[in-house]
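Given chain A, put chain B in place with the hints provided.
Residue numbers (our numbering), protein chains in the order written: chain A, 24 to 197; chain B, 24 to 197.
Hints listed in this document are in silico derivations from the structure and should not be mistaken for laboratory results. Hints should not be assumed to be uniformly reliable.
[Said to hold, decoys possible] Between beta-carbon pairs, the in silico distance windows are:
no.	chain 1	residue 1	chain 2	residue 2	range
1	A	S186	B	K75	23 to 29 Å
2	B	K127	A	A73	38 to 44 Å
3	B	D82	A	Q52	40 to 46 Å
4	B	N136	A	R25	19 to 25 Å
5	B	A161	A	M24	17 to 23 Å
6	B	K50	A	S186	43 to 49 Å
7	A	Q102	B	S164	21 to 27 Å
[Said to hold, decoys possible] Okay, derived cross-link-like pairs now, BS3-like style, lysine-lysine, Cα gap no bigger than 30 Å in a straight line:
no.	chain 1	residue 1	chain 2	residue 2
8	A	K99	A	K50
9	A	K127	B	K127
10	B	K50	B	K75
11	A	K127	A	K75
12	B	K40	B	K99
13	B	K75	A	K127
14	B	K50	A	K75
15	B	K40	B	K75
16	A	K50	A	K75
Note that CB positions come from ideal geometry on N, CA and C, so glycine has one too.
There are 2 protein chains.
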Amino acid sequence: MRIAIDMDEVIADFCQKDIATFNRLFKMQLTQDMIGHGYTTTLYPQYNEAMKAIRNDPDFFRDMQVIEGAQEVVAKLNQEHEVFIVTNAMHFPRSVAGKYDWLKTHFPFLTDNQFVFCGNKVIIHADYLIDDSTGNLAVFSGTGLLFSSPHNLAVDHPLRMNSWQEVADYFSLN
Amino acid sequence: MRIAIDMDEVIADFCQKDIATFNRLFKMQLTQDMIGHGYTTTLYPQYNEAMKAIRNDPDFFRDMQVIEGAQEVVAKLNQEHEVFIVTNAMHFPRSVAGKYDWLKTHFPFLTDNQFVFCGNKVIIHADYLIDDSTGNLAVFSGTGLLFSSPHNLAVDHPLRMNSWQEVADYFSLN
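Bound conformation, chain A alone (with noise of 0.2 Å):
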C-alpha cells in the first residue's frame, strides 16, 4: 500500500516550536493550554506577519522536535509499504531547505524520492494520507487518516489516530 503521510503536527511538533519562538521573540509565556484549539497567532493576529516570516525561515524548522513514536513507526511502515512524506511547503516556500534537511537528519532511511513538497494534496495518488488538517484530507482521493493536534482535537473525522501507536495498530504493524 502506498502511506502518505504530512510533515508539521504528524511527525514534526511545529506547534511546540511556534510557542516557544513566539515567547522568545515576545516575551510571552503562553501555553498550548492557553491558545486551546487555535495557533499563536490566532490569539495574537497582530503578530501574524512577523511569525510568517520567522516559520519562512529555514532555519525555524531545523530544531523542531519529533512526535513521540514518529520514527518507530515510520520505519517499521517504510518496510513494509511504500511511504511518502507529503509536506505543504507553499505556505513558507523558503522553508523547503530547513523541511528537507529535518527529514535527512531525524528519518535517515527515507530516501529523496520519498518526499514530496506541494501545495495542494488533491495531487497525491496514494492509498492513505495520516495528516492533521481536515482540508488536506477533504481534497485527498485515498483514505483520509486524521492524525490529533491540539487544533483538530474538536473535529469530527471518521478515522483518528490520536497517537503514532494507533498508526501501527491500524496497519496492524508488529
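Same frame as chain A, now just chain B:
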C-alpha cells in the same frame, strides 16, 4: 481535467543553460549537436561531481530561458483545466528556492498551490502528465505525453509532443 506539467526541458530550457554553464566553466564550445541524445556530463563524466554541485545551486535556475510557447499554452490550459507544475527537485534539493522563484517570475498566473516538488512521480494523481522523461511517464498512473527534448528524440513513445503548439492542439485550445 487535471494536467501535471514537468519543469526542466518542458517549460524551462535546462539543456541550453547546462551547456552554456559547462562551456563557460570548462572553456569548451560544446553544442547540443555534439552532445546528441545526452547531456554535457554524458560526454564528460569527469565533470559529473562539479556539474551536480552547480545544478544544485539555487541560482542555476534563476536565468533559465522559457521553452518556446510554454507561457501562452500553460496560461490557456490553466483557464480550462486544473494545472500543476510537478518537478523533480530531489536530484538537487537546494534548487527548490531557485525553481520556485523562476516559476513566480515566468508563470505569475499560477499560484503556489499549483507547484509540486517531488522525487518520484508515482505519487502524482492527475489525468495527464507532460514530461520529457520516459521514466517519469512509466510510473505515472494517468496518460503520459512525452515532451520532445534532445535526450529523448530516439525514444519510442505512443504520445509525443514536439512543441507547445502540439500540446495546444492535443487539448483543442483556441
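*Would you list, in rising numerical order, the hints stated earlier that this structure does not obey?*
1, 2, 6, 8 and 14
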